[in-house]
Amino acid sequence: MTSPASRRSTRTGAAAAFLALLLSGCAVGPDATSTDIALPAHWQRGGDGRSVTPEALGEWWRDFRDPQLDSLVARAVEGNLDVASAKAKIREARALRREAVGGLLPSLDASATALRRQTAGKPTVVSDLFQGGLDASWEIDLFGANARGVEAATANTAATRDDLDAVLLTLVGDVTATYVEVRGTQARIGLAERTARSQRQTAALTRSKFEAGSASAVDTAKAEATAATTEAGIPSLQTTLAQSVHRLSILTGQAPGALAGELRRDGAIPSPRRALPKGIPADVLHNRPDVRAAERRLAAYTAKLGVAEAALYPSISLTGAISTSATRLGDLGRASTIAWSWGPSITLPIFRGGTLVAARDAAAAVRDEFLLAWRSAVLTSLEDVENALVALADERVRARRLGSATDNSRRAATLSRALYQSGSASFLDVLDAERSLYTAEDALLLSRMTIATDHIALAKALGGGWRRPVDTVTPAVVDVDTGPHLAAPVVAPTEL
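According to mature numbering (1 follows the signal peptide of the UniProt record, and there is no 0), the sequence shown holds residues -29 to -1, 1 to 467 in order.
There may be inaccurate statements among the hints.
[To be verified] The following label-pair restraints were derived from C-beta to C-beta distances:
hint	residue 1	residue 2	range
1	Glu30	Thr210	28 to 34 Å
2	Ala292	Thr318	15 to 21 Å
3	Ser185	Ala246	51 to 57 Å
4	Arg87	Asp53	28 to 34 Å
5	Arg168	Ala246	52 to 58 Å
6	Thr318	Thr24	24 to 30 Å
7	Glu202	Arg438	30 to 36 Å
8	Thr210	Ser22	50 to 56 Å
9	Ala336	Pro77	30 to 36 Å
10	Asp41	Gln392	44 to 50 Å
11	Leu67	Thr211	28 to 34 Å
12	Gly291	Val444	55 to 61 Å
13	His456	Gly74	29 to 35 Å
Hints listed in this document are in silico derivations from the structure and should not be mistaken for laboratory results. The model shown is predicted, which means the values in this text are computed figures rather than measured ones. Every residue, glycine too, gets a C-beta built ideally from N, C-alpha and C.
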């Protein structure tokens, strides 16, 4: 037969085990959502089948070996407003995570009251009342709702960091591509000006031959028209150049005309010195920041599904209070004036009209949406890489053929002009040769710009971007005098 002491010991042990279970808690809802996806083993165009790390793709723009471009990229990272906004979102996410962590801890509040009272009907009877107290509460995270909230906040914080990387990736690519456009447009303007001068010389030669009776007025008019047509295209190119400079200034966080003086002098069209490491398709899962961010948000909403699931279960809280009340301030510490209470409370959802189940189902649907968004991001990244690989390879072939066409057109123009001066060729031959040369040279410049742009697009598609540390702690606005102070007068909008 069991003794009373043994039974008490058993009950005590059971109570201790139950309390330990309460304090340790458990978790409901899925721990993770599967992100399995079938990926090809290699790219359709290019690649050696070896994986590539993000570090191998970092600072790819330095391969252009253009110090001014390097400086513009660094200034853009420092001053771009989209980057600053992404930094602020990281600080917001970190603060929300700290707030979520606070939900796991007890809360403690203090109160104090001092009253002077007059009894109704007795105007001469005045008494004082002093009160003070502490109230504490702690929601035991029995089914892991608060822990899931912290898990979601942690994943969202990581996603905002990936968002910053995505903004930096886009920014570096945009700055480099716009700089290529600036240099390419300057080269096209220079070509148009040189071609127009040459055509003016041809027009002057034709006029001299006309005055000598060896050329017609029609030839003279056509020569003048050709030169004027070439000159007419220069203002449009200058407009494009100005807009590109304005865009580049904005990307660096400055006024539109801030870089006009710095970029006034012409420079060579940036050309990559080596090919980018292609890696394998699976690399996009960890190299592309947008894919990483999508996966982090899927994890966050999987955790939020656990929060919604936990709402279907009971919640337990421990509350306690201690208070003191006295008519004299010195009596507040006396044992006779002190009262206390403590104990657990349980809340059990019995009937909510199906709202909690509906909220859980809605959270599951949102989780599915983010899973599909992640899959879409993966497929989009694969498409970006494949498109960039095809475009870059084909444009290189096109550039080689344009180079050959330009060389032949230059020889033809030189020869036709010499023959025309000696009277062995017609003016139409000269006119056709000069037009063909200008078209070929302009097309070659555009092709060089396209090669650089396709190289940039491939670098972005592979996940290459800024890899240096970025300050995400310093806020954009540093408030001062935030403690108690006299408020400044509010100025109405009509008074501004």
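Original post:
Looking at the structure, which of the earlier hints fail to hold?
Top reply: Of the numbered hints, 4, 5, 6, 7, 8, 11 and 12 do not hold.
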